[in-house]
Amino acid sequence: VDLRYSEAEEEFRAGLRAWLEDAVADLAPEPDPDDWPGRRIFDTGWQRRLYEAGYAGIDWPKSGGGRGATPAEQLIYIEELERAHAPYVGVNFVGLLHAGPTIAVEGTEQQRQRYLPGILKGDEVWCQGFSEPNAGSDLASLRTKAVRDGDEYVVTGQKIWTSFAEVADFCELLVRTGPEGSGHKGITWVVMRMDSPGIEIRPLRTIAGSTEFAELFLDEVRVPVSDRLGEENDGWRVTMTTLGFERGTAFVSELLQSIELLSQLRAVAERTGAWEDLEMRHRVGHLAAELDALWALVRRNVSMAGSGQVPGAGASVFKLSVSELRQRIGELGFDLISPAGLVWDEVVGPWSAPEGPRLSRGQRGLRTTELVNTWVNGFSRTIAAGTSQIQRNIIAERLLGMPKEPKRDEAERRR
Amino acid sequence: MRFVLSDDQTALAAGMRALCAGRFALDRLRNSESKLRTFDPAEWAELGRAGAFAIRSSEEHGGLGLGMVESVVVFEELGRALVPGPLVAQALSAGIIDGAIDGTSVVGSVRRPPSGFPAVIPHLGALSSLVVVGEDGLSVVDPSSLDAKPAARALDPLTPIWVVEGELPVGEPLGGAGAAEGWSYGENLLSAALCVGIAAATLEMAVAYSKDREQFGRPVGSFQAIKHICADMLVRSELARVAVQAAAVVADDPETGDPIRSAAGATLLGIEAAVENSRKCIQVHGGVGFTWELPVHLYLMRARVLEAVCRAGGDLANTVAERV
Numbered sequence: 028v029d030l031r032y033s034e035a036e037e038e039f040r041a042g043l044r045a046w047l048e049d050a051v052a053d054l055a056p057e058p059d060p061d062d063w064p065g066r067r068i069f070d071t072g073w074q075r076r077l078y079e080a081g082y083a084g085i086d087w088p089k090s091g092g093g094r095g096a097t098p099a100e101q102l103i104y105i106e107e108l109e110r111a112h113a114p115y116v117g118v119n120f121v122g123l124l125h126a127g128p129t130i131a132v133e134g135t136e137q138q139r140q141r142y143l144p145g146i147l148k149g150d151e152v153w154c155q156g157f158s159e160p161n162a163g164s165d166l167a168s169l170r171t172k173a174v175r176d177g178d179e180y181v182v183t184g185q186k187i188w189t190s191f192a193e194v195a196d197f198c199e200l201l202v203r204t205g206p207e208g209s210g211h212k213g214i215t216w217v218v219m220r221m222d223s224p225g226i227e228i229r230p231l232r233t234i235a236g237s238t239e240f241a242e243l244f245l246d247e248v249r250v251p252v253s254d255r256l257g258e259e260n261d262g263w264r265v266t267m268t269t270l271g272f273e274r275g276t277a278f279v280s281e282l283l284q285s286i287e288l289l290s291q292l293r294a295v296a297e298r299t300g301a302w303e304d305l306e307m308r309h310r311v312g313h314l315a316a317e318l319d320a321l322w323a324l325v326r327r328n329v330s331m332a333g334s335g336q337v338p339g340a341g342a343s344v345f346k347l348s349v350s351e352l353r354q355r356i357g358e359l360g361f362d363l364i365s366p367a368g369l370v371w372d373e374v375v376g377p378w379s380a381p382e383g384p385r386l387s388r389g390q391r392g393l394r395t396t397e398l399v400n401t402w403v404n405g406f407s408r409t410i411a412a413g414t415s416q417i418q419r420n421i422i423a424e425r426l427l428g429m430p431k432e433p434k435r436d437e438a439e440r441r442r
Numbered sequence: 060m061r062f063v064l065s066d067d068q069t070a071l072a073a074g075m076r077a078l079c080a081g082r083f084a085l086d087r088l089r090n091s092e093s094k095l096r097t098f099d100p101a102e103w104a105e106l107g108r109a110g111a112f113a114i115r116s117s118e119e120h121g122g123l124g125l126g127m128v129e130s131v132v133v134f135e136e137l138g139r140a141l142v143p144g145p146l147v148a149q150a151l152s153a154g155i156i157d158g159a160i161d162g163t164s165v166v167g168s169v170r171r172p173p174s175g176f177p178a179v180i181p182h183l184g185a186l187s188s189l190v191v192v193g194e195d196g197l198s199v200v201d202p203s204s205l206d207a208k209p210a211a212r213a214l215d216p217l218t219p220i221w222v223v224e225g226e227l228p229v230g231e232p233l234g235g236a237g238a239a240e241g242w243s244y245g246e247n248l249l250s251a252a253l254c255v256g257i258a259a260a261t262l263e264m265a266v267a268y269s270k271d272r273e274q275f276g277r278p279v280g281s282f283q284a285i286k287h288i289c290a291d292m293l294v295r296s297e298l299a300r301v302a303v304q305a306a307a308v309v310a311d312d313p314e315t316g317d318p319i320r321s322a323a324g325a326t327l328l329g330i331e332a333a334v335e336n337s338r339k340c341i342q343v344h345g346g347v348g349f350t351w352e353l354p355v356h357l358y359l360m361r362a363r364v365l366e367a368v369c370r371a372g373g374d375l376a377n378t379v380a381e382r383v
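Protein sequences, first through last, are from chains A and B. According to the working numbering, the residues represented by the first sequence are 28 to 442, in order. According to the working numbering, the residues represented by the second sequence are 60 to 383, in order.
Everything labelled a hint here was simulated from the structure, so no lab data went into it. Glycine included, every Cβ here is placed at the ideal spot set by N, Cα and C. You may find that some hints are simply not true.
Claimed, not checked - Straight line, CA to CA, 30 Å or less: simulated DSSO-like cross-link-like pairs of lysine-lysine:
id : chain 1 : residue 1 : chain 2 : residue 2
1  : A       : K431      : A       : K148
2  : A       : K172      : A       : K212
3  : A       : K172      : A       : K431
4  : A       : K148      : A       : K434
5  : A       : K431      : B       : K270
6  : B       : K270      : A       : K434
7  : A       : K89       : A       : K148
8  : A       : K212      : B       : K208
9  : A       : K431      : A       : K212
What the hints assert, rightly or not - Here are some chain A residues the structure puts well away from chain B; computed CB gaps all over 10 Å:
id : residue
10 : D29
11 : A99
12 : P144
13 : V174
14 : I234
15 : N260
16 : G312
17 : E317
18 : R327
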């Protein structure tokens, strides 16, 4: 065991850090969260700069146009981007972390050439059409239907929780090509152009008031068969590749943000006098101990990946813990500014520190608005990308080998 | 960066696990329904010959010349097997007190209680030396010189307890405040490692039972109510294990982190994992988990002993908080 980075890794870090310092300094101000066209321009502009500097698709294989960085380098990359308060991956999320890596592994040469460069350069934006109103945790029960008509599929159905739909060029879409009730054996993965006729996008308002997601209503949308990834009815396997990517290093930046947030909250507690309270200190100390343990877990997972082992379902331990922890830290922040948290407006009080360190790019000090937002948005963390309950099922069944729930047909027979 | 155990470290753990399975299997520790064998000098010496207490001592002094990482890996196994005896004090006094390194003497320890409070001392009757840990330093006391009352019944049946109600004697000085701080630091990490073993063992017992026990025509482990308890147990033991191992790496190579913060945090999580997992293990076992017959309660009570030792050493959560 060794927690020290190699010379080559430190060199990679130094180069990236130097580049980030200049790149982040001359960025335009961040657009309003609800200004989707503005966000697209900002996020893809940043992606373009990463591309030009050789940092796009850091975790993608070289054959797919990525950097093919080692897992340790990927960790350094995330660390340094967080340290520099560089822009979030934003609208590039689905392309860079889901669709792209999946196409790189499962796509034909033609598909790879068509789609991968656009993602890496920030030219094209992707969204995800997986979940449906009646297919959430039980994704394999999805019902959006694709009927073959010559060399096209005709797709009809409804998708939900689709981030970036308003500004996306493509959608990685899961459709049912098998008969009704065929479960994971009748699903196909296709690329849907978002400018196809028959797509209606309705934004969904979250409890934080933002328009983070949208619903997609698909009415006889035509998708060329050549835009299918993998074989017909093999989409579940293809999708699992994608979800595997999502559970790799995707939540590490969230952990680093939580670590930074907690040390800021200690400063807030000192300013308000709450730090005198031993119970408050115990709460902070306990959260910090858990964050340290998660950071150790990340380094273990990355070390395993670096030596060719798959952290696999063990990543569920990380996803479950990091999202639950994030929620509790949000709760702590909310408690510290009580009762200013009862409004979304900025409230100046002893917690305010105009000279404090930056929490995120362009913002000095911890603002009450931000703490309210962190608390409220925390609720999405234990739901999105596999609820905490699904994570516990995965841990119990795949890591501990506990007996599975009765299958759908068995449950129906019992009824 | 390579934060996974080496083959040698894994082999060291496997060796200790095999030794424990042979010598300290729980059914051997209990020789009748109500009587448990708490300490055996011959077995203690055997642990000593196997190097359990000599891991960090230099080779010229008869030690293995290894580090804290190897120590926590071995102590996890000792904890998993609920090996009785003052394991932590023995390992910490190797090379300092004669016979500690090979288990030919038996060394225990106690924190000097605040004035007016009794001293609660595990294993006193078996000890050849008692290390008293105070704020200002370490001292050694002859166990036979104490006016100590053996407890008729100890909470952990495998950890007999003696109570000294009067002031503890000053004893022979062994080291100053720095040595006392170092003792607490090592005591925390090694106790936390024992705790990880307890957390892992109780998880495995709960999972095994839940696969076996049937109710409503199905193994109870197929119900999410039980699954989620076990999943949380795994999360606790995994996080405690990586925290303890990371803290051990930092202990061996202090430039890679904050030794005080990482050890305090790891100890906090280790104790919690051991106490909470053994509690949940009783719950998953249902009624039989509450019976003397099953060894589940032994894990919980041992976890409580380790918790008491570490709690006496300082406020762990506050130690971490001050370093955030």
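We went through each hint and held it up to the structure:
1. A:K431 <-> A:K148: 43 Å, violated
2. A:K172 <-> A:K212: Cα-Cα ~14 Å, so holds.
3. A:K172 <-> A:K431: Satisfied, since the Cα-Cα distance of roughly 29 Å is no more than 30 Å.
4. A:K148 <-> A:K434: Since the Cα atoms of K148 of chain A and K434 of chain A sit roughly 44 Å apart, the hinted pair is violated (cutoff 30 Å).
5. A:K431 <-> B:K270: Distance of about 10 Å is within 30 Å: holds.
6. B:K270 <-> A:K434: 17 Å, holds
7. A:K89 <-> A:K148: 15 Å, holds
8. A:K212 <-> B:K208: 71 Å, violated
9. A:K431 <-> A:K212: 19 Å, holds
10. D29: Nearest chain B Cβ is 5 Å from D29 of chain A, so the label is violated.
11. A99: Non-interface label on A99 of chain A violated, nearest chain B Cβ at 5 Å vs cutoff 10 Å.
12. P144: 32 Å, holds
13. V174: Given that every Cβ of chain B is farther than 10 Å from that of V174 of chain A, nearest at about 37 Å, it holds.
14. I234: Nearest chain B Cβ is 25 Å from I234 of chain A, so the label holds.
15. N260: 29 Å, holds
16. G312: Label violated. Min Cβ-Cβ 3 Å, cutoff 10 Å.
17. E317: 7 Å, violated
18. R327: The claim breaks: R327 of chain A does not keep its Cβ more than 10 Å from every Cβ of chain B (closest is about 5 Å).
The structure fails hints 1, 4, 8, 10, 11, 16, 17 and 18 (numbered hints given earlier, in ascending order).
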